[in-house]
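So the sequence lines, in the order shown, correspond to chains E and Z. Numbering-wise (the UniProt record's numbering), the first sequence opens with residue 1 and increments by one. Numbering-wise (the UniProt record's numbering), the second sequence opens with residue 1 and increments by one.
Check each hint, because a few of them may be wrong.
[Said to hold, decoys possible] Subject to a maximum C-alpha distance of 20 Å in a straight line, what follows is the list of computed PhoX-like cross-link-like pairs (lysine-lysine):
| # | chain 1 | residue 1 | chain 2 | residue 2 |
| --- | --- | --- | --- | --- |
| 1 | Z | 285 | E | 253 |
| 2 | Z | 248 | E | 285 |
| 3 | Z | 248 | Z | 224 |
| 4 | Z | 253 | E | 285 |
| 5 | Z | 253 | E | 241 |
| 6 | E | 253 | Z | 111 |
| 7 | E | 253 | Z | 290 |
| 8 | E | 248 | Z | 248 |
[Said to hold, decoys possible] What the simulated footprint calls covered on chain E by chain Z, stretch by stretch (three residues with Cβ under 8 Å from a Cβ of chain Z suffice, anywhere in the stretch; the number is not a length):
| # | segment |
| --- | --- |
| 9 | 103-110 |
| 10 | 249-255 |
| 11 | 259-267 |
[What the hints assert, rightly or not] Each pair of labels, with its calculated beta carbon distance range:
| # | chain 1 | residue 1 | chain 2 | residue 2 | range |
| --- | --- | --- | --- | --- | --- |
| 12 | E | 371 | Z | 275 | 38 to 44 Å |
| 13 | Z | 275 | E | 145 | 37 to 43 Å |
| 14 | Z | 328 | E | 238 | 53 to 59 Å |
| 15 | E | 115 | Z | 246 | 41 to 47 Å |
| 16 | Z | 222 | E | 169 | 39 to 45 Å |
| 17 | Z | 132 | E | 344 | 55 to 61 Å |
| 18 | E | 171 | Z | 303 | 54 to 60 Å |
| 19 | E | 221 | Z | 212 | 25 to 31 Å |
| 20 | E | 275 | Z | 293 | 54 to 60 Å |
These aren't lab readings, by the way, just hints derived from the structure by calculation. Idealized CB from N, CA, C, for every residue including glycine.
2 protein chains.
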Amino acid sequence: MAISNQTPFKTLTLPSPKTLFNTTNSPIPNFLSIKCNTSLSCKPLIAEPEPIFTSVKTFAPATFANIGPGFDFLGCAIDGVGDYVTLSVDPSVQPGHISISSINGAKGLSKDPLWNCAGIAAISTMKMLGIRSIGLSLTLDKGLPLGSGLGSSAASAAAAAVAVNEIFGGRLSVSDLVLAGLDSEAKVSGYHADNVAPAIMGGFVLIRSYDPLELLQLKFPFEKDLFFVLVNPEFEAPTKKMRAALAKEISMKDHIWNSSQAGALVAAVLQGDLSLFGKAMSSDKIVEPKRAPLIPGMEGVKKAALEAGAFGCTISGAGPTVVAVIDDEEKGKEIGSTMVEAFLREGKLKASATVRSLDRVGARLVSSKPR
Amino acid sequence: MAISNQTPFKTLTLPSPKTLFNTTNSPIPNFLSIKCNTSLSCKPLIAEPEPIFTSVKTFAPATFANIGPGFDFLGCAIDGVGDYVTLSVDPSVQPGHISISSINGAKGLSKDPLWNCAGIAAISTMKMLGIRSIGLSLTLDKGLPLGSGLGSSAASAAAAAVAVNEIFGGRLSVSDLVLAGLDSEAKVSGYHADNVAPAIMGGFVLIRSYDPLELLQLKFPFEKDLFFVLVNPEFEAPTKKMRAALAKEISMKDHIWNSSQAGALVAAVLQGDLSLFGKAMSSDKIVEPKRAPLIPGMEGVKKAALEAGAFGCTISGAGPTVVAVIDDEEKGKEIGSTMVEAFLREGKLKASATVRSLDRVGARLVSSKPR
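Looking at chain E on its own, in the form it has when it is part of the complex (with noise of 0.2 Å):
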């Protein structure tokens, strides 16, 4: 299932975690009717989703959050490059329960199913559509390196939680989806969607709540092309110092700043302005600075990549990959090499280079085996 979007824009409004299976006004799945508690461990009024698959493959992209001023509830997905997930129906795992079978592309990754980013996102995804009968198997490719700031972990979640959504017949949600990747987000990384709700959904997504969660995807014109300058040095950002950065309080001033920044910015991928787009992102005065100076070099490869003719160029996430943007791809790729050339320069870092473009669809099927 690829999930595209036809509309210009999109509203999603959710019901909050806790209040997903009450019993009263609830928005609720129109296939399905839950009278429960409050707990996740309600049972469905009707009968348990029958598997339409052996196994399928899903795929989930990369995504860039933050977008310097947006930082916490704006992001993007980036095509070309993420995770996969291949979910079999499996006999030998216990009913109701999921077991990781292998992990490529990644070491230290824990493969019990309550500590994996995919494995989590997967049990909640078999809670909401009460899977009780049928054990899951599942093996992980990861396509992104861990904590590069290109949202790894929200890609895992987001391909597990689409595969057991598809390999059960596509029932819940794009919102439902988002919950259960949220789920796996708030586990290891904090309770944000700024990467797993682009992941699932593609394109960018502005959080605009998160209690209730409501999502808006803004629609960057079909029309227009928009490229992504990812470069990513040989370092490893030091998260607790990236999360210590961030300040607990900012001036009335930068505030409104960053804020009149934000919007901006969203006005530039409504309008596929990516002069705008670029400006915008490139003039946090919050986070940056604050990030900047812990990833050797990432002034000086800024500055460079501004210098080479990029409309933009910020921290991708909590970094340490930089990202720029451009509209043409070849252009892109001189961008990079300036970047890479820069981050040795000024950081002392070896860095690769890749050019990517907007990814507009987000998580989707790959193949399937039917039953």
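Position chain Z against the provided structure of chain E, taking the given hints into account.
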């Protein structure tokens, strides 16, 4: 001259006031070449323009600034209420100067042009045009109550700047006029363009930066209706307290919240989504909670407006006018009545309500007498 903007999205980048007359790479209007030092007493190289009218009459609308989370960087123009300026060539006035002959509709305003909003803006505009040989006489007809939160000073400034520009042939750009208006606003209430920019440009305007001044015009779709219910209580908002009520520092959490609302507001304007617009405008967690208690009954008025069906409600500018939004004029009148009752009940204040639509045009020439 009705300043109507045909393009869906328009970015104006203006030189900062101190660089406007710089000899190096300053952007300058294409009709005028200026070589001078950085003070405003520079001499234009081309001939001083001749007046093409003996008199002109201009109008500039009321404006609704802040719009909740758009504090200090978002504003829009309101149709059907504002200030008129009548400007005439007057041989009895010293050449290069302006005299205010009368002010109607308001008491207590200075007739000294240096201390009057219309006068200050007119002087700035005359300086931009290099007017040295003609004296002008100005009449100001106020249609907006002072200190109401509806951009009264900005309307006077806008109407005056446009009047001077028009009487001399309309050579200046919208951006120049905003700068002239800013000179006025800076003297009376601070260097803010969120009233004077929409007063001149019409529609919604986002100020992305002040130095250089960059204004984004956000087009609300023509096919959609948008009505403002303006409720003005008989109350003088204590300006010093209103400014003092602003926090100097805010929490990161509140910053993220308000920024995401501002982003949602921009998206709502560009998509004509009044439901989202209303929710976002009503969701300010930084300024409104501090200022509302200073306007007796305001919180009850907002609650009444929302219960009566308004999409959203907040303080206009620094108040005390409270504004609600709806998509139907008749419905707006009902909401207005409810809000007036609430002001009396909750705040012991009499109030009057009016329903207006969005002014998409901004300051304009109303009539003229040719030479």
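Now for the hints, and whether the structure bears them out:
Of the pairs offered as hints, the one joining residue 285(Z) and residue 253(E) holds, with about 16 Å between alpha carbons and a cut-off of 20 Å not exceeded. Between the alpha carbons of residue 248(Z) and residue 285(E) the distance comes to roughly 16 Å, so the proposed pair stays at or under 20 Å and holds. A distance of roughly 38 Å separates the Cα atoms of residue 248(Z) and residue 224(Z); the hinted pair therefore is violated under the 20 Å criterion. Taking the CA atoms of residue 253(Z) and residue 285(E), the gap is near 16 Å; set against the 20 Å cutoff, the hint holds.
Proposed proximity of residue 253(Z) and residue 241(E) is supported: the alpha carbons are some 19 Å apart, at most 20 Å. Note on residue 253(E) and residue 111(Z): the hinted pairing is violated, with a Cα-Cα distance of about 34 Å set against a maximum of 20 Å. A threshold of 20 Å between alpha carbons decides the hint, and for residue 253(E) with residue 290(Z) the separation of about 17 Å falls inside it, so the pair holds. As the CA atoms of residue 248(E) and residue 248(Z) are separated by approximately 14 Å, the hinted pair is consistent with the 20 Å bound.
Coverage of the segment 103-110 of chain E by chain Z is violated in this model, with 0 residues showing a Cβ closer than 8 Å to a Cβ of that chain against a need of three. With 5 residues carrying a beta carbon less than 8 Å from a beta carbon of chain Z, the segment 249-255 of chain E meets the three-residue requirement, and the given coverage holds. A stretch counts as covered by a chain when three or more of its residues have a beta carbon under 8 Å from one of that chain; for the segment 259-267 of chain E and chain Z the count is 9, and the coverage holds. Range check, residue 371(E) to residue 275(Z): Cβ separation about 43 Å, and the 38 to 44 Å hint holds.
Restraint check, residue 275(Z) to residue 145(E): a C-beta distance of roughly 41 Å satisfies the suggested window 37 to 43 Å. The hinted window of 53 to 59 Å between residue 328(Z) and residue 238(E) holds, with their beta carbons roughly 55 Å apart. Residue 115(E) and residue 246(Z) have their C-beta atoms about 46 Å apart, which keeps the hinted 41 to 47 Å range intact. Checking the proposed 39 to 45 Å range against residue 222(Z) and residue 169(E) shows it holds: the Cβ atoms sit about 43 Å from each other.
For residue 132(Z) and residue 344(E), the hinted distance range of 55 to 61 Å is satisfied, since their beta carbons lie about 60 Å from each other. A hinted range of 54 to 60 Å for the beta carbons of residue 171(E) and residue 303(Z) is inconsistent with their spacing of about 39 Å. Against the hinted window of 25 to 31 Å, the Cβ-Cβ separation of residue 221(E) and residue 212(Z) comes to about 27 Å, which satisfies the hint. Hint check: residue 275(E) to residue 293(Z), Cβ distance near 43 Å, so the stated range 54 to 60 Å is violated.
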